[in-house]
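Chains as they are written, first to last, in the numbering used here: chain U, 235 to 340; chain H, 1493 to 1606.
Please note that a few of the clues may not be correct.
[As the list claims (entries may be wrong)] Straight-line distance between alpha carbons at most 30 Å, and here's what the computed DSSO-like set of lysine-lysine pairs gives: (1) U:K290 / U:K274; (2) U:K275 / H:K1510; (3) U:K271 / H:K1557; (4) H:K1557 / U:K237; (5) U:K237 / H:K1509; (6) H:K1509 / U:K271; (7) H:K1509 / U:K274; (8) U:K274 / H:K1563.
[As the list claims (entries may be wrong)] Here are some, though not all, of the chain H residues that point toward chain U, as calculated from beta-carbon distances under 7 Å: (9) L1535; (10) G1591; (11) E1594; (12) Q1595; (13) F1597; (14) P1599; (15) G1600.
[As the list claims (entries may be wrong)] Per the computed footprint, the stretches of chain U lying under chain H, defined by three or more beta-carbons under 8 Å from a beta-carbon of chain H, are: (16) 273 to 280; (17) 295 to 307.
Don't read these hints as lab results, they were simulated from the structure.
All figures in this text were calculated on a predicted structure; none of them were measured in a lab.
Cβ coordinates follow ideal geometry from the N, Cα and C atoms, glycine included.
Each chain, letter by letter, is given below.
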Amino acid sequence: EDKVVQSPLSLVVHEGDTVTLNCSYEVTNFRSLLWYKQEKKAPTFLFMLTSSGIEKKSGRLSSILDKKELFSILNITATQTGDSAVYLCAPNDMRFGAGTRLTVKP
Amino acid sequence: EAQVTQNPRYLITVTGKKLTVTCSQNMNHEYMSWYRQDPGLGLRQIYYSMNVEVTDKGDVPEGYKVSRKEKRNFPLILESPSPNQTSLYFCASSLWLAGTNEQFFGPGTRLTVL
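If we strip away everything but chain U, and leave its shape as in the complex, we get (with noise of 0.2 Å):
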């Protein structure tokens, strides 16, 4: 059966902070895994990563995939108030993990 687990599932930190969220996952045919941010509202998309070891930066963000050791880490530098969310994952954008809830305090 399919798995993906993040981790971890709430995370409280301070302006300009540096922070890892991690998702682990267990699927069959594997394509790709992509990361996505919640607001109060809808998801929005953030990366999709098919290599292993190819980062994927977009400002602050960074993502990373570990195809053998199955796993994908987001790294989000000099946190802002505007990073507060939950973070998805979700390996071939069907099974999403719970999330990780993510507070950036002034």
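Keeping the supplied structure of chain U fixed, place chain H upon it in accordance with the hints.
Chain H only, in chain U's frame:
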């Protein structure tokens, strides 16, 4: 504007009263799906559709029906809603097969079944 729309956005109903939540996308996407989101459980897929007249069950299809008669529309039907279907529902679409392109999500429908 490229978007996924859902209606209604909020709905309170009673057990057993059939309802339909509509979903429409204007991006000519092949793939559409429905999710429900419950606290602590993340997004769980209900049904998905690869193309017109092609639908398949996701992880939690019991109590739901869907149809895909036109490419742009993918309604979710609850024939006899029950309180355990109280949830936040999202429709999503992507250009092609899941995992090849990102999904675009609708704004969500908050359903309460009394």
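We went through each hint and held it up to the structure:
Taking the CA atoms of K290 of chain U and K274 of chain U, the gap is about 25 Å. The hint holds against a cut of 30 Å. Restraint check: the Cα-Cα separation between K275 of chain U and K1510 of chain H comes to about 26 Å, which is no more than 30 Å; the hinted pair holds. Of the pairs offered as hints, the one joining K271 of chain U and K1557 of chain H holds, with about 28 Å between alpha carbons and a cut-off of 30 Å not exceeded. The suggested pairing of K1557 of chain H with K237 of chain U holds, with an alpha-carbon distance near 25 Å, which does not exceed 30 Å.
Distance restraint check for K237 of chain U and K1509 of chain H: the Cα-Cα separation of roughly 34 Å exceeds the 30 Å cut-off, and the hinted pair is therefore not satisfied. At roughly 34 Å between alpha-carbon atoms, K1509 of chain H and K271 of chain U are farther apart than 30 Å, so this suggested pair is violated. Between K1509 of chain H and K274 of chain U the alpha-carbon distance is near 29 Å, which keeps this suggested pair within the 30 Å criterion. Annotation: proposed proximity of K274 of chain U to K1563 of chain H holds, straight-line Cα distance about 29 Å (limit 30 Å).
With 7 Å as the threshold, the beta carbon of L1535 of chain H comes within range of chain U, its nearest partner Cβ sitting at about 4 Å, so the hint holds. Here the hint on G1591 of chain H is kept, as its CB sits about 4 Å from the closest CB of chain U, short of 7 Å. The beta carbon of E1594 of chain H is positioned within 7 Å of a beta carbon in chain U (closest approach about 4 Å), and the interface hint is therefore held. For the restraint placing Q1595 of chain H at the interface with chain U, the shortest Cβ-Cβ distance is roughly 6 Å, inside the 7 Å limit, so the hint holds.
Among the interface hints, the one on F1597 of chain H holds; its C-beta lies about 4 Å from the nearest C-beta in chain U, closer than the 7 Å criterion. With its C-beta approaching chain U no nearer than about 6 Å, P1599 of chain H sits inside the 7 Å limit, and its interface hint holds. With 7 Å as the threshold, the beta carbon of G1600 of chain H comes within range of chain U, its nearest partner Cβ sitting at about 6 Å, so the hint holds. Proximity of the segment 273 to 280 of chain U to chain H, defined as three or more residues with a beta carbon under 8 Å from a beta carbon of that chain, is established by the 5 residues found.
Taking a C-beta to C-beta cut-off of 8 Å, the segment 295 to 307 of chain U contributes 0 residues in contact with chain H, too few for the three needed, and the coverage statement is violated.
Taken one by one, the earlier hints fail for this structure at numbers 5, 6, 17, listed in ascending order.
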